[in-house]
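A.B. asks: Single-letter residue listing:
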Amino acid sequence: VTIKYKTIKEIKKMISQKEISNKEIVQEVYKLINDNSHLNAFVTLNEENSLKQADDLDNNPSEMALAGIPIAQKDLFCTKGLRTTCGSKILDNFIPPYSATVIENLENAGCISIGKTNMDEFAMGSSNETSYFGNVHNPWGEKLVPGGSSGGSASAVAAGIVPAASGTDTGGSIRQPASLCGITGLKPTYGRVSRWGMIAFASSLDQAGPMARTVEDCALLLNEMCSHDIKDTTSLDEDIPNFENDLNQSLKGKKIGVVKDLDLSSLDNDVVSVYEDSLNEFVSLGAELKDISLPNLALSVPTYYVVAPAECSSNLSRFDGVKFGRRSENPKDLEELYVQTRSEGFGDEVKRRILIGSYVLSAGYYDAYYKKAQQVRRLIKKDFDEAFSNVDVIMTPTTRGPAFEMGSKGSDPIQMYLEDLFTISANLAGLPAMSLPNGNIDKKPIGLQIIGNFLDESTILNFGHMYQTKTNWHMLTPDGVKE
Amino acid sequence: VDTSDIEPLTNPLEKTAKTRDDQVTAQNLKQELLEIAPSSNEDYFLVPRVVE
Chain R
1 VTIKYKTIKE
11 IKKMISQKEI
21 SNKEIVQEVY
31 KLINDNSHLN
41 AFVTLNEENS
51 LKQADDLDNN
61 PSEMALAGIP
71 IAQKDLFCTK
81 GLRTTCGSKI
91 LDNFIPPYSA
101 TVIENLENAG
111 CISIGKTNMD
121 EFAMGSSNET
131 SYFGNVHNPW
141 GEKLVPGGSS
151 GGSASAVAAG
161 IVPAASGTDT
171 GGSIRQPASL
181 CGITGLKPTY
191 GRVSRWGMIA
201 FASSLDQAGP
211 MARTVEDCAL
221 LLNEMCSHDI
231 KDTTSLDEDI
241 PNFENDLNQS
251 LKGKKIGVVK
261 DLDLSSLDND
271 VVSVYEDSLN
281 EFVSLGAELK
291 DISLPNLALS
301 VPTYYVVAPA
311 ECSSNLSRFD
321 GVKFGRRSEN
331 PKDLEELYVQ
341 TRSEGFGDEV
351 KRRILIGSYV
361 LSAGYYDAYY
371 KKAQQVRRLI
381 KKDFDEAFSN
391 VDVIMTPTTR
401 GPAFEMGSKG
411 SDPIQMYLED
421 LFTISANLAG
431 LPAMSLPNGN
441 IDKKPIGLQI
451 IGNFLDESTI
461 LNFGHMYQTK
471 TNWHMLTPDG
481 VKE
Chain C
1 VDTSDIEPLT
11 NPLEKTAKTR
21 DDQVTAQNLK
31 QELLEIAPSS
41 NEDYFLVPRV
51 VE
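Residue numbers (our numbering), protein chains in the order written: chain R, 1 to 483; chain C, 1 to 52.
Take the hints with a grain of salt, since some may be wrong.
DMTMM-like, lysine to aspartate or glutamate: derived pairs with alpha carbons at most 20 Å apart [said to hold, decoys possible]:
id, chain 1, residue 1, chain 2, residue 2
1, R, K382, C, D2
2, R, K52, R, E104
3, R, K371, C, D2
4, R, K323, C, D21
5, R, K382, C, E14
6, R, K323, C, E32
7, C, K18, R, E238
8, R, K12, R, E483
9, C, K18, R, E336
10, R, K18, R, D55
11, R, K382, C, E7
12, R, K332, R, E344
13, R, K381, C, D22
14, C, K18, R, D237
15, R, K470, R, D55
16, R, K371, C, E35
17, C, K18, R, D479
18, R, K371, C, D5
19, C, K15, R, E344
20, R, K444, R, D479
21, R, K231, C, E14
22, R, K80, R, D232
23, R, K332, C, E52
24, R, K323, C, E35
25, R, K13, R, E244
26, C, K15, R, D237
27, R, K231, C, D5
28, R, K470, R, E344
29, R, K323, C, E14
30, R, K372, C, E14
31, R, K372, C, D2
32, R, K12, R, E63
33, R, K260, R, E288
34, C, K15, R, E244
35, R, K231, C, D43
Since the hints were derived computationally from the structure, they do not count as laboratory data.
Okay, chain R solo, but in the shape it has when bound (with noise of 0.2 Å):
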């Protein structure tokens, strides 16, 4: 008996069964980080405390939605006495006083916490090769980045040590890795998940979702995740569905806007097809195909590469060495505790984007940069309002192509903000999207982007569930397929 590469639903059933014990299931959890210790996806570990829950569970078992699946939480969620460093230096010292509302819904719905994952700096990258405590490794190969900024969740999930993981997005950074590691990925809208205790990047584009192997067990996870939560003033006061409630609905007659304006010819012929036989698959379901227009997709980029450095350089201002978190040895007065703290806290990327963030929100570069990038952003959402008067969802490719090799695109970085291409316009429109395996390039899986209306979830839920139970994509593990 293993839970190595087993789903959410498929554990609970081990457990009802009664095939295998909590304990045992956390023990095989520490056994699998152990043996795949190379991809380094975990940065703390709670052995301890996770032992003593399935422990607890084993002698009191319980009802709740959850109970005894190992989880693995992005290292950027506050965990109550559980280090949290968000990737960076300047955090390697801090235990928060409390955890965030996510945690404690999961936690609540009765998932154990096994450890804190590796992740880009402060979520800054998309190779997770911006991390502090070094590079996570994509299961797939040895040498190939994970995607990130959520690295070390989508690792660990597609190497079968986890089910689930909790990851956050401010511009693909759930489903570029959940592309490139082969896994489903899924951005709520923004707004359905409580951002309190996440460590603030850029705050009108951040949102926690759900990693996982299927979409079914993203649905399980989305249930208890989505909050109202008083503490985060953006945290929607709407109705949640029972995310697993339409996942099963015909597709027959549904429309998928194909976007007319993408420029597919700089991608690889490969990666046209996957995407073009993941759409005639959805057509063989009943789903109907119609051309969409979004005018300003070609600006998301350079609107994203002003807007979220300009809410990062505002929000990183609280590192500063004072009140918690590392300070630097021995400053001579305030300002140079300041800037030595955060000269050796703060990694280049980190750097970077606080430079251009604190450039374009200026005196005199303002209305330039910062209002015209605020300006477009309107205009892209509008866009999409019009888009979805005639869809029911939107298909793209999730990236320009499968995993890249380690530093690949380091002198470059206008390279890697390429990576996110197809994936930052939802965030800048506050959609829920959603990455989920659609083929395989040179033994490198490769995932497709559904992009769904406001609070519309379960519409896209209820696309990627029927398309994976017509293919096999989200079988496919690095040994193979999966029985």
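Model the placement of chain C on the given structure of chain R, informed by the hints.
C.D. replies: For chain C alone, kept in the frame of chain R given last:
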């Protein structure tokens, strides 16, 4: 792009913050917070001297 009459979009929700009754809801975490600071005494965070 022409954005002359376009209102900037600062947040996808465009909602104004809600008000609530003026009651204390936060816990006092003074001890816990001072303990995780790089340098503190029983009441304050400590930094190098600012005023000579």
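A.B. asks: Indicate, hint by hint, whether the structure satisfies it.
C.D. replies: Each hint, compared with the structure:
no. : hint              : result
1   : K382(R) / D2(C)   : 14 Å, holds
2   : K52(R) / E104(R)  : 17 Å, holds
3   : K371(R) / D2(C)   : 13 Å, holds
4   : K323(R) / D21(C)  : 30 Å, violated
5   : K382(R) / E14(C)  : 14 Å, holds
6   : K323(R) / E32(C)  : 11 Å, holds
7   : K18(C) / E238(R)  : 14 Å, holds
8   : K12(R) / E483(R)  : 17 Å, holds
9   : K18(C) / E336(R)  : 40 Å, violated
10  : K18(R) / D55(R)   : 14 Å, holds
11  : K382(R) / E7(C)   : 12 Å, holds
12  : K332(R) / E344(R) : 16 Å, holds
13  : K381(R) / D22(C)  : 36 Å, violated
14  : K18(C) / D237(R)  : 11 Å, holds
15  : K470(R) / D55(R)  : 39 Å, violated
16  : K371(R) / E35(C)  : 41 Å, violated
17  : K18(C) / D479(R)  : 51 Å, violated
18  : K371(R) / D5(C)   : 12 Å, holds
19  : K15(C) / E344(R)  : 39 Å, violated
20  : K444(R) / D479(R) : 12 Å, holds
21  : K231(R) / E14(C)  : 18 Å, holds
22  : K80(R) / D232(R)  : 18 Å, holds
23  : K332(R) / E52(C)  : 13 Å, holds
24  : K323(R) / E35(C)  : 9 Å, holds
25  : K13(R) / E244(R)  : 17 Å, holds
26  : K15(C) / D237(R)  : 11 Å, holds
27  : K231(R) / D5(C)   : 35 Å, violated
28  : K470(R) / E344(R) : 51 Å, violated
29  : K323(R) / E14(C)  : 32 Å, violated
30  : K372(R) / E14(C)  : 18 Å, holds
31  : K372(R) / D2(C)   : 10 Å, holds
32  : K12(R) / E63(R)   : 11 Å, holds
33  : K260(R) / E288(R) : 15 Å, holds
34  : K15(C) / E244(R)  : 29 Å, violated
35  : K231(R) / D43(C)  : 26 Å, violated
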